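Novice: One letter stands for each residue in the lines below.
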Amino acid sequence: MASLPRSPRRRPPIPWHLAVFLGPAVLLYSAFMVFPLLDSLRLSMLAPDGGFAGLENYQRLLTDGNLAPRFWGAVQNNLVFFGIHMLVQNPIGLLLAVLLSTRVLRGRAVYRTLIFAPTVLSVVIIGFIWKLILSPLWGVAEGGLDAIGLGSLFEPWLGLQGSALITVSLMSVWQFVGIPMLLFSAALLAIPDEIIEAARVDGAGPLRIFSRIQLPMIAPTVGIVAILTFVGNFNAFDLVYSVQGGLAGPEFSTDLLGTLFYRTFFGFQLQSGSPTLGATVAGMMFLMILFGVCLFLFGVQRRLVRYEA
Amino acid sequence: MAQLRRAVTPTAVGKHALLLGYTFIALFPIALVVMNSFKARNAIFGDPVAPPMTDTFTLVGYETLARRGDFAGLIINSTIVTGASLVLVLLLGAMAAFALARYRFRASRMLGLYLAIGIMIPIRLGTVSILQLIVGMGLANTHLALILVYTAAGLPLAVFVLQAFFAEVPRELEDAARVDGAGHFRIFGMVLQLARPGLAAVGILTMIPIWNDLWWPLILAPGRATATLTLGTQQFLGQFVSDWNAVLAALTIAIVPMLALYLVFNRQFIRGLMGGALK
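Those protein sequences? They're chains A and B, same order as listed. The numbering of the first sequence is the working numbering, which starts it at 1 and goes up by one. The numbering of the second sequence is the working numbering, which starts it at 1 and goes up by one.
Hints are computed from structural coordinates only; laboratory data are not their basis. Everything numeric in this text was worked out from a predicted model, so none of it was measured. Each residue gets a CB set at the ideal place from its N, CA and C atoms; glycine is no exception.
FRET-style restraints, in silico, Cβ to Cβ: (1) B:V135 <-> A:I195: 56 to 66 Å; (2) A:L160 <-> B:I119: 31 to 41 Å; (3) A:L215 <-> B:V87: 34 to 44 Å; (4) A:G139 <-> B:A12: 29 to 39 Å; (5) A:R212 <-> B:P10: 15 to 25 Å.
Computed list of chain A residues with no C-beta within reach of chain B, every gap over 12 Å: (6) G51; (7) F52; (8) A53; (9) G73; (10) Q76; (11) G83; (12) E251; (13) Q269.
All chains should be modelled from the sequences, with the hints used to inform the complete structure.
Specialist: Rendered as structure tokens:
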């Protein structure tokens, strides 16, 4: 924003209209987004008394006997959470999009509207609905499994350390599958009909058309969906907080970086909160996002460019 | 021409079976909760998948809500916060996008990049500093705090998407208007009119996450008077966890506003999300 007033040097009249058009947005964005993000990095380098501590907080977070296990646990859980979205949510979204890309399919718009419906609702509501359905008290999930003869498979998945994280991840997958579905749909619809028709005339089946034409042509969207999924992971707080509570139980098995950040900043039960350590957790999340986005931009995206013509 | 032939092939039947199956998976949990919110407690547990009948129908959950939870207030709070943020994001975002798309000046590329960075970085990472800032300004527990943060967070994507829409408006129209003596702001209004689909797309992309957010209300405005629907529902569910009628009624009330909006404007929602994604 500081560079705005410089432009009049070349053009004699001061471009006031530019300042009026750009000023409010740039100011609000700078004050409530850019400044806090930078200031948060500064706070992560302060000691609790306000003195400069350098990278001490980071060192503590990564090695301290009490903090490090929680941090590395959350990193690991976040990776599992991300992996399940990549392996379950995005393939299902792609499959639905391929099914919906058939131009002559009846009721296409209705299917799309209905399947997308859960995505517009709050994670808090979705989480609670699934919590009720999976509850042994209500017995809907158990009854459903019983009805197809699999009743013995039922377990209180949310309460078990081994399955809680997978269960929570699948709830999130169920809710957000509509987003990759729409993004892939948009990309598939952009493929010219003639190409697919020509392949069909040449005798290519649906699978071959998918693997040889559709998939390569929507490759850039696959990359975008992957990076959106990755960044979205770091926002995953609401679901765990409302389904499993701030302690992300059982035994921190559903603790993600979002819930760890919240607890470190505000404290929870016996643990007291610390703004500087909270900012440190945010700093680490920032680094991971930066790493992921750079990997995407310089690794994946560059290789995809050749498909865009 | 191929339509008739293809509609009855086994492939089409298979596709419908898969899509119907997934539609059921997507809607069953929601329908289950809405249905059971109108049933008596023993019917909720006795036969969860049965719809409410005359002998099992009850509004007792909603009566508890009316007595114990201020859901009308929560919906009003959410409407104020989401509405104000939406207006600000659209107005300020359109103004900035217009300047970046329509005027060439030295800093325009840099400025566009500066604003675009915010698309990839979650604003939540600045929470520690934002809370200090909001408390320092005396805005803790106000709607304004939420509106400022949501607006700042929504602007990057809005500017980015609207810029693409504005760039498509033919320049000849603008030149003609300029010859007729229209000023910068008249032309802005004109371009805005022509880019209405873009505004709808950005509006929907902006609105959904704000309405559904738990993080910022929990941190910046957790007070009873300012609580949004998402936060209020979350707190209510925690308190009434053993009162199944009340819990199911609260979930239904929380589902209804967004779902109704979605079903009425589903065309705009889908087109907005798909179009916004393509730009």
